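Asks: Sequence:
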Amino acid sequence: MTTDPRAGADLTDDALQDEIELVGDLVVAASASEDPLTEDEIDRALGIERGRDGSTEAPQGTSHPHRAGKRLNA
Numbered sequence: 001m002t003t004d005p006r007a008g009a010d011l012t013d014d015a016l017q018d019e020i021e022l023v024g025d026l027v028v029a030a031s032a033s034e035d036p037l038t039e040d041e042i043d044r045a046l047g048i049e050r051g052r053d054g055s056t057e058a059p060q061g062t063s064h065p066h067r068a069g070k071r072l073n074a
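Letter by letter, the sequence shown follows residues 1 to 74 of UniProt numbering.
Where hints are given, some of them may not hold.
Pairwise CB distance ranges (calculated) [unchecked claim]:
{"hint": "1", "residue 1": "Asp13", "residue 2": "Glu34", "range": "30 to 36 Å"}
{"hint": "2", "residue 1": "Thr38", "residue 2": "Thr12", "range": "32 to 38 Å"}
{"hint": "3", "residue 1": "Ser33", "residue 2": "Asp13", "range": "25 to 31 Å"}
{"hint": "4", "residue 1": "Glu19", "residue 2": "Glu41", "range": "16 to 22 Å"}
{"hint": "5", "residue 1": "Val28", "residue 2": "Glu49", "range": "30 to 36 Å"}
{"hint": "6", "residue 1": "Ala15", "residue 2": "Asp35", "range": "18 to 24 Å"}
{"hint": "7", "residue 1": "Gln17", "residue 2": "Ile42", "range": "35 to 41 Å"}
{"hint": "8", "residue 1": "Ile20", "residue 2": "Asp43", "range": "16 to 22 Å"}
{"hint": "9", "residue 1": "Thr12", "residue 2": "Gly51", "range": "28 to 34 Å"}
{"hint": "10", "residue 1": "Gln17", "residue 2": "Asp43", "range": "17 to 23 Å"}
Simulated from the structure, these hints should not be mistaken for laboratory data. Just so you know, these numbers come straight off a predicted model, no measurement behind them. Ideal Cβ placement from N, Cα and C applies to all residues, glycine included.
Using the sequences and the accompanying hints, generate a full structural model.
Replies: Structure (structure tokens):
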């Protein structure tokens, strides 16, 4: 048992939480498909939008293409 007053303080890691949610999104998408996911299906599951030149971009107002349209209350 610890007597450290900081014990139990906020131990969240937002980047790790985002990665866990992305993996979960991929698992759900893969489970719903009878075939392997195409690159486009993976992009949709991750919330990535592809430009005409094939580059990935985040929709306006978001900083990370993977988190576009994802829930913000983890």
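Asks: Hint numbers the structure violates, sorted upward?
Replies: Of the numbered hints, 5, 6, 7 do not hold.
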